[in-house]
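Chains as they are written, first to last, in the UniProt record's numbering: chain P, 1 to 147; chain E, 1 to 147; chain Z, 1 to 147; chain H, 1 to 147; chain A, 1 to 147; chain V, 1 to 147; chain R, 1 to 147; chain S, 1 to 147; chain U, 1 to 147; chain X, 1 to 147.
Keep in mind the hints are simulated off the structure, nothing from the lab. Since we're looking at a predicted model, the values are computed, not measured. A portion of the hints provided could be inaccurate.
[As the list claims (entries may be wrong)] To list a few chain A residues with every Cβ distance to chain X over 12 Å, as calculated:
1) Ala10
2) Ala26
3) Lys48
4) Glu62
5) Leu66
6) Thr70
[To be verified] Computed beta-carbon distance windows for the label pairs:
7) E:Asp111 <-> A:Gly110: 55 to 65 Å
8) S:Asp111 <-> X:Pro127: 36 to 46 Å
9) R:Thr137 <-> E:Thr137: 36 to 46 Å
10) X:Pro144 <-> V:Gln24: 23 to 33 Å
11) E:Thr137 <-> H:Ala23: 40 to 50 Å
12) Z:Ala79 <-> E:Thr137: 28 to 38 Å
13) A:Thr18 <-> H:Thr137: 44 to 54 Å
14) P:His106 <-> X:Thr3: 18 to 28 Å
15) S:Asp111 <-> A:Thr21: 50 to 60 Å
Backbone N, C-alpha and C define an ideal beta-carbon position, used for all residues, glycine too.
There are 10 protein chains.
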Amino acid sequence: MLTKKEAAEAVRNAKVVTGVTWAQLAEAVGRPLAWTTAALLGQHPMSKEEAGAATALLELGEDVALALQTQPTRGALDAAVPVDPTIYRLYEVIQVYGPTIKELIHEQCGDGIMSAINFRLDVRRVPDPGGDRVVITLDGKYLPYQW
Amino acid sequence: MLTKKEAAEAVRNAKVVTGVTWAQLAEAVGRPLAWTTAALLGQHPMSKEEAGAATALLELGEDVALALQTQPTRGALDAAVPVDPTIYRLYEVIQVYGPTIKELIHEQCGDGIMSAINFRLDVRRVPDPGGDRVVITLDGKYLPYQW
Amino acid sequence: MLTKKEAAEAVRNAKVVTGVTWAQLAEAVGRPLAWTTAALLGQHPMSKEEAGAATALLELGEDVALALQTQPTRGALDAAVPVDPTIYRLYEVIQVYGPTIKELIHEQCGDGIMSAINFRLDVRRVPDPGGDRVVITLDGKYLPYQW
Amino acid sequence: MLTKKEAAEAVRNAKVVTGVTWAQLAEAVGRPLAWTTAALLGQHPMSKEEAGAATALLELGEDVALALQTQPTRGALDAAVPVDPTIYRLYEVIQVYGPTIKELIHEQCGDGIMSAINFRLDVRRVPDPGGDRVVITLDGKYLPYQW
Amino acid sequence: MLTKKEAAEAVRNAKVVTGVTWAQLAEAVGRPLAWTTAALLGQHPMSKEEAGAATALLELGEDVALALQTQPTRGALDAAVPVDPTIYRLYEVIQVYGPTIKELIHEQCGDGIMSAINFRLDVRRVPDPGGDRVVITLDGKYLPYQW
Amino acid sequence: MLTKKEAAEAVRNAKVVTGVTWAQLAEAVGRPLAWTTAALLGQHPMSKEEAGAATALLELGEDVALALQTQPTRGALDAAVPVDPTIYRLYEVIQVYGPTIKELIHEQCGDGIMSAINFRLDVRRVPDPGGDRVVITLDGKYLPYQW
Amino acid sequence: MLTKKEAAEAVRNAKVVTGVTWAQLAEAVGRPLAWTTAALLGQHPMSKEEAGAATALLELGEDVALALQTQPTRGALDAAVPVDPTIYRLYEVIQVYGPTIKELIHEQCGDGIMSAINFRLDVRRVPDPGGDRVVITLDGKYLPYQW
Amino acid sequence: MLTKKEAAEAVRNAKVVTGVTWAQLAEAVGRPLAWTTAALLGQHPMSKEEAGAATALLELGEDVALALQTQPTRGALDAAVPVDPTIYRLYEVIQVYGPTIKELIHEQCGDGIMSAINFRLDVRRVPDPGGDRVVITLDGKYLPYQW
Amino acid sequence: MLTKKEAAEAVRNAKVVTGVTWAQLAEAVGRPLAWTTAALLGQHPMSKEEAGAATALLELGEDVALALQTQPTRGALDAAVPVDPTIYRLYEVIQVYGPTIKELIHEQCGDGIMSAINFRLDVRRVPDPGGDRVVITLDGKYLPYQW
Amino acid sequence: MLTKKEAAEAVRNAKVVTGVTWAQLAEAVGRPLAWTTAALLGQHPMSKEEAGAATALLELGEDVALALQTQPTRGALDAAVPVDPTIYRLYEVIQVYGPTIKELIHEQCGDGIMSAINFRLDVRRVPDPGGDRVVITLDGKYLPYQW
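Isolated chain P (complex conformation) (with noise of 0.2 Å):
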């Protein structure tokens, strides 16, 4: 049986062959954009029926959607400070603003923490005059310490 990290190596090397995209991948499959990238990345587990769809739309077969439907152990940094740039400037962001991001939480909510659980994700290309941008949006539920 191949584990989630061989599925999801399958998952991108069949993207470079059949020329899919995640967009089209998520359409097939029908849920949101930045879910169905992490689910076919093993970080969720996806139903018989969209493991089904997307592996019909990247050729691949039963094994690698048999494995894209099991529980994930979930995690994908390749080290505790991620190397690669486009994921570094991520924890850059927690570096440098970290407590800044607690801080509004506090004063906007009280004690708690912004889920990341019961959470969605969303990325995107916003056109503008001084230069493309990218907008990630982080939007998780307000869960409060509660005894």
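Fit chains E, Z, H, A, V, R, S, U and X to the given chain P structure using the hints.
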């Protein structure tokens, strides 16, 4: 002369004593909320006027105002992997969704990054019948790899 | 102004001097035992009344009471892997049983987590003919992964 | 000969293929649910009968059964600090409440520890109007420091 | 109030000044040599009488005596891997012989551990024609894994 | 040619298959129990005769015998801090008692170390009415710092 | 499909076998020397034509050419701190001169960074009577912190 | 006596108070810009005259001048991997281009290194229509491996 | 093509099989003993003739000879702090005497280093009535800090 | 009472103030140069006479003399991997030549180590037409593994 870290500590204490909010500080300073918070926590240098407005509201002295104007050496986490749960959830988002964000930036923009320098940040509480949400917007200029 | 860590140190010392117990402090504060202990060790913010009741019993001053009310930056281990044997055994439980607990949460509840925010904790000594036992109950809301 | 890790992988795969649950495995083996799960994940040695009952239900061969009987070198985390969110929450509990638990063990029992060897574990879903809860019970013999 | 670490430092200094030995301290305290040394270095709590006997001999004050009676948070190495050569050799023994000791415990006793809580330690110089030897005896209760 | 690690793995497996004990191996090899175990786990080189005697008893081939004779690169822990509980307790002993042992070596012998090279080790189960004990004896030559 | 790392390994081997130089590869590819080297080592994606020209010269197949075109996950050091002396000296330069470079960027440009994305690199041997020199030019766009 | 680190702190503060630039300091000292900056930050020892000229301009005392003349223990990063974004980009350059630089040094010079001891550094702002650039020149003597 | 590490492994195995010594290899290669050993372990590139002479004596093939000629990426420790006791003692020497060596280099030569590139090494057994000694000579060119 | 580290700092400062050299200190103390330097940096205990001679020459008080006589906890590096370039080169030697030295010790002496306890060290500047050299001699007793 105070270090930026000591100045940030003084700001936090003065907020407790005076009851002034980050929102009031941002308004007094005349800059966006998240920028102002980050600057007062020592992650951005303030102009003389900005530092003056903030310290006046917080009833702090000239030594704090001076420290707020100096060039920061940025980085604010207590450890490579943050321990506080409110901040950790941001790290967890990178662990689970980092490669997803990387894939989507590359698909939508090409081989490059979201800048963390030409960058703005917003944190908002959004009412929701299923429980209010924290929405964090990371908005950085797209920078293509360019030789 | 005292930091939460200095306040916690003052609390520990006052307990030795006055002989007051965590149980007596919890009763005075009117909150559960483990919550009160955690709050007095600096991991939860107390209300003004709660802080006042605790510091009165411990014969501590207003500076400690104020520190107990401020928002904590949580996290209390002396190292990523705790060294003290009483605390290390909890880490050992995760090393040996962490994946077991994960499997059982997924089998009984689905793809999600036990919240550590909407969470309560209990520690009790339970008499047993084969030697008394320590029973620790971790009780957190189930949070399903939900987009 | 299979390693315990390979045997655990075979067990996980066979569970997906056969649809057998941990609860059914525990019943077949005749041991508590959490013990059985931990043993099948390679953290406890099984007797010949226990291993036989589990592998029969999972339709696995003698090589897996043999590996399940060997003495484990315990420890199952992917890193010193676990990355998977379901497991990380347990680590977060130690970060936030570890010293609290230590204080309460000492207050109730004296200078000693909760054993992680003479120890049992239970994981249960508990219905709750405010949302079902996961209740994890750690139950270990109290061991006083004794020269 | 002194911390246990400050008290240990005071003990070490007083030993230099007074010329008192660990053996004399153990005799005055009425406890075994290694236990007494460990306690005076802050790794075990002393009774009021024990602390009093030790501080009297060392000509130290009540503040040290009080600190010696408080509950320790144990752990005394300067780093995860100790640097001082005399202590490092103990770590080297675990690196070279750790799995050997594990195998022999399992062969002689079954699946379990040597307790480090119900435990005593002895360090002796043993005359030997080929050069005197240091003999360290680790003597802990066997604890079988027991659910 | 097999590595020492692969040879050790072959030895462990052959022990399960043949039911031969470390004690029987030590007797066949004609060396002390702990030395023999360590050598078969790859931490000491064996003579041709010793390796032959061990592999004959274990019904292993010449390739294993050859690997057992090669010079080891020593060190056997899975991580800087060992994870398996049976081995971890040895590390905990160093954390709690390392400086104590150092003090006692210095008091009894002077400024030097217990050698881990001119060294022998014994592990024994000792019957005890309060529960049998594991007694580990570390016996190394005293080496004074000598220029 | 080959990974970028396997493709880089194939490139290195083919260089030894064919005797082709990085300079010849850069000329064939029609891109700067350092860019071409980095791309063939897997740190930049090549166009189909570039990959074709390089693999033709190196007598490598289509699988390598395809791998050279895929999007890299960047980062090439063997450890957080590089071990190879030729590479380590670059790290040493940051250790000794990092804050100096930071001060000079801030003095000459303001609060910002040298981009490592809009960036080019040159490595040249420069004859010198006192011994030839290696001159490395790092040339990146200045990016001011800009909200 | 001041440490070099305290002297560097005094220099930074005096620069803010007096408004003196690194360029003015270099001119007063009569050494290159980057060398002077590094020396005043504690990474090179200054002669008595150099230290005198710098402290005179900065209106600092003899204690700072003395500290600037002592032999440094070099190394200035806040962590093994630097956190400040302006400095981190230099580390990122090594992560992405380190092996490229190594290959090009070996191709152009043979088996050796660029010295970081017989070494000079230059940092310049270069006007560019596409946005000004920061150009950093690392210029070290080539040292061949030589037995 | 073999990696340098695989070639080194082949060399070690061939030494066991053929009984050839490092001294004989150095003589056949016509280079110093320590250089030859390091080169055959993959830390220096050999010329075609040197590699040929060594592989002939060791009865190894052309693939090993080729690998021995390629440019190494140097660094041979199994971890940042070496675990094998024979190698660890060298690390211990740096821990105990590193700053001493630094002081003496500075006192005798000035502000600079002992080169590890223009460097030779010798290891010799020296008879001694008090027990034979291992004498290791590190002999590197003095390099002054020079701008 | 001063710690050994504070005493070492006092020694370094007094050397700057008085202009006394390590060589003069060694002569006054009557011990070898490297031993004396190491002892004054806190890595060896001095006799009362030795400490007296050194502090007299350095014009330091009795508190320093006393600290120099106490038993050290050895280990002097600022990090597991040293950062200062003069000291780092020693670490680099172990990285590149550590296994070479191990092989040569085993070939010349058998299965054992060079002692770092029964050990002496010498650092000398040696004139050389190609540039003066630093020659460091590590001279330790050979200790065979001996049960």
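Against the structure, the hints come out as follows:
1. Ala10: Non-interface label on alanine 10 of chain A violated, nearest chain X Cβ at 9 Å vs cutoff 12 Å.
2. Ala26: Holds: least Cβ distance 18 Å, greater than 12 Å.
3. Lys48: 27 Å, holds
4. Glu62: At roughly 20 Å from the nearest Cβ of chain X, glutamate 62 of chain A sits farther out than 12 Å, so the non-interface label holds.
5. Leu66: 21 Å, holds
6. Thr70: 23 Å, holds
7. E:Asp111 <-> A:Gly110: 55 to 65 Å: At roughly 59 Å between Cβ atoms, glycine 110 of chain A and aspartate 111 of chain E fall inside 55 to 65 Å, so the hint holds.
8. S:Asp111 <-> X:Pro127: 36 to 46 Å: This hint is violated: roughly 27 Å between Cβ atoms.
9. R:Thr137 <-> E:Thr137: 36 to 46 Å: 38 Å, holds
10. X:Pro144 <-> V:Gln24: 23 to 33 Å: 28 Å, holds
11. E:Thr137 <-> H:Ala23: 40 to 50 Å: 44 Å, holds
12. Z:Ala79 <-> E:Thr137: 28 to 38 Å: 35 Å, holds
13. A:Thr18 <-> H:Thr137: 44 to 54 Å: 52 Å Cβ-Cβ, so the 44 to 54 Å window holds.
14. P:His106 <-> X:Thr3: 18 to 28 Å: The hint (18 to 28 Å, Cβ to Cβ) is violated, given that histidine 106 of chain P and threonine 3 of chain X are roughly 41 Å apart.
15. S:Asp111 <-> A:Thr21: 50 to 60 Å: Given about 58 Å between the Cβ atoms, the range holds.
Going through the hint list in order, the structure does not satisfy hints 1, 8, 14.
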